[in-house]
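Participant: So you can see what is in the structure, the chains are spelled out below.
2 protein chains.
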Amino acid sequence: MKLYIAKSAGFCFGVKRAMDMALKAAKKEPKQLYTLGPLIHNPQAVEFLRGLGVKAKDRLENIPKGTVIFRSHGVSLGDLKKAKRKGLHIIDATCPIVKKAQFFATYLHRQGYAVLIVGEAYHPEVEAIKSYLDEGVVVDDARVVQKLGPWEKLGIIAQTTQSFNLFKEVVTASLERAREVRVFNTICHATMTRQKEALEIAKKVDGMIVVGGYNSGNTQRLVAICKEIQPQTHPIETAEEINPKWLEKCEKIGLTAGASTPSWIIKEVEEEIRRLKE
Amino acid sequence: MKLYIAKSAGFCFGVKRAMDMALKAAKKEPKQLYTLGPLIHNPQAVEFLRGLGVKAKDRLENIPKGTVIFRSHGVSLGDLKKAKRKGLHIIDATCPIVKKAQFFATYLHRQGYAVLIVGEAYHPEVEAIKSYLDEGVVVDDARVVQKLGPWEKLGIIAQTTQSFNLFKEVVTASLERAREVRVFNTICHATMTRQKEALEIAKKVDGMIVVGGYNSGNTQRLVAICKEIQPQTHPIETAEEINPKWLEKCEKIGLTAGASTPSWIIKEVEEEIRRLKE
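Taken in order, these protein sequences are the chains called R and P.
Take the first sequence: its position 137, counting from 1, is numbered 129 in this note's numbering, and each next residue is one higher.
Take the second sequence: its position 66, counting from 1, is numbered 58 in this note's numbering, and each next residue is one higher.
Isolated chain R, as found in the complex:
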């Protein structure tokens, strides 16, 4: 058996940074330490943080005082103002690349462009970006664009972990609906590399394992990308979920993971695959 492990699997820069900031804060003052929503979209990592005293709360109303960590996805303008009003100590772990997407969305809006965000409408990153605009439209399907507009000036940005193919499709479709289209490619480099590598691996294996939170958008997009090439693609959160039957007939197995998947989980999955194929 040959196992192809993606070099780009696992924590990206923004997630790693947010985890480091949370760990540092937990070490310094673990009391009254909260994250607004799960710090990253990985239940195992969030559970690990909880063990260190970092509590995830979905709403600011549930954080009476102390320190709030804004996660890598960023925070909405409303929550930012609310946290300040409440006098909470703020640790802003928003990924700098997400900050850039927020900046470009705001810039386009101020320059008079209608703003299209290519992404999942209910993803916290997208919700946060949208909160900085008076209006903005989120699309996750290029076919929708035909029914929007027409616009004189249209600006397009993307959720940082979006599928590059979807992004291209939306831009192409929008050319029929706007005289001017101004595009900032805000998909982060790590995401694009991870998607490309996953695709390359999926092409040459008999079975593909993608590790990451079921609530992680970028992980689920990796699953979709691989599945198009290799129907035997299986999403899992932990090593125990591997069904030995999946691998029975596989000579070549591929392994990748989302941006919020801790390395220890990837390692466990790798070991489990090797054990099953011994």
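What you were told as hints is all true, and nothing was included just to trick you.
As the list makes no split between identical chains, a pair holds if one copy fits it or if it spans any two.
In the DMTMM-like style, the derived pairs of lysine to aspartate or glutamate whose C-alpha atoms are separated by at most 20 angstroms in a straight line are:
| hint | residue 1 | residue 2 |
| --- | --- | --- |
| 1 | Lys269 | Glu233 |
| 2 | Lys74 | Glu53 |
| 3 | Lys160 | Glu172 |
| 4 | Lys160 | Asp133 |
| 5 | Lys91 | Glu172 |
| 6 | Lys92 | Glu144 |
| 7 | Lys16 | Asp84 |
| 8 | Lys91 | Glu144 |
| 9 | Lys91 | Asp71 |
| 10 | Lys219 | Glu243 |
| 11 | Lys188 | Glu168 |
| 12 | Lys145 | Glu172 |
These aren't lab readings, by the way, just hints derived from the structure by calculation.
Given the coordinates of chain R, assemble chain P onto it according to the supplied hints.
Facilitator: What follows is chain P alone, placed relative to chain R:
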């Protein structure tokens, strides 16, 4: 036999305007009246103008004095300056839509964008647009884009009569090569309508006739678009060129024409088709 004639066939607004300006000038003062290059890309129409005294000259050096008409494709910055220096009387028949393309190219250039022009490098319209920029790259194949850049800021415009599909392909390809892509769709509405209608007609006929100058870029693009759908697509300049064999087995025939094809030629072609199928 059923004959489908494209409503959008023939003279576009810009060509009609240029012809009207030339005819008016010829009526007023036919002596020393020149066009810089053929007024439109249709030998028969140019011949007709010559009969009225309007002489086509390829270079300003061959126009000693008198009036020069700048054709619908526009004129290069160099020629504009030269004509002024020579003290020629100028009639500027540049299509207003082409002027807009020149404006957007210049605007992008001044705003610090690298400028990509989707078009034919040696078409007079493209040469004129390019002359207003210190640098600009012309592409007529999306695959070329992969080898260009990378750019921080890329601006894209198109030759006004370009294929919309090629334009979309170039924009899509450029998203891999630039952080920001700013696109002005300068393809004129009439061109887009003509291409769409030609495609619709080509889909339902057994044979397709496309009338227009062999030197007319937009006509040859219509041929290419129709040929992809209907291999029995025949480009002609005049009615005499129709080969009766083309139509022998055709029950449904389509007819369209480029933006520089005079209506009298289209009419002759229509009559010839009807005569052959009587």
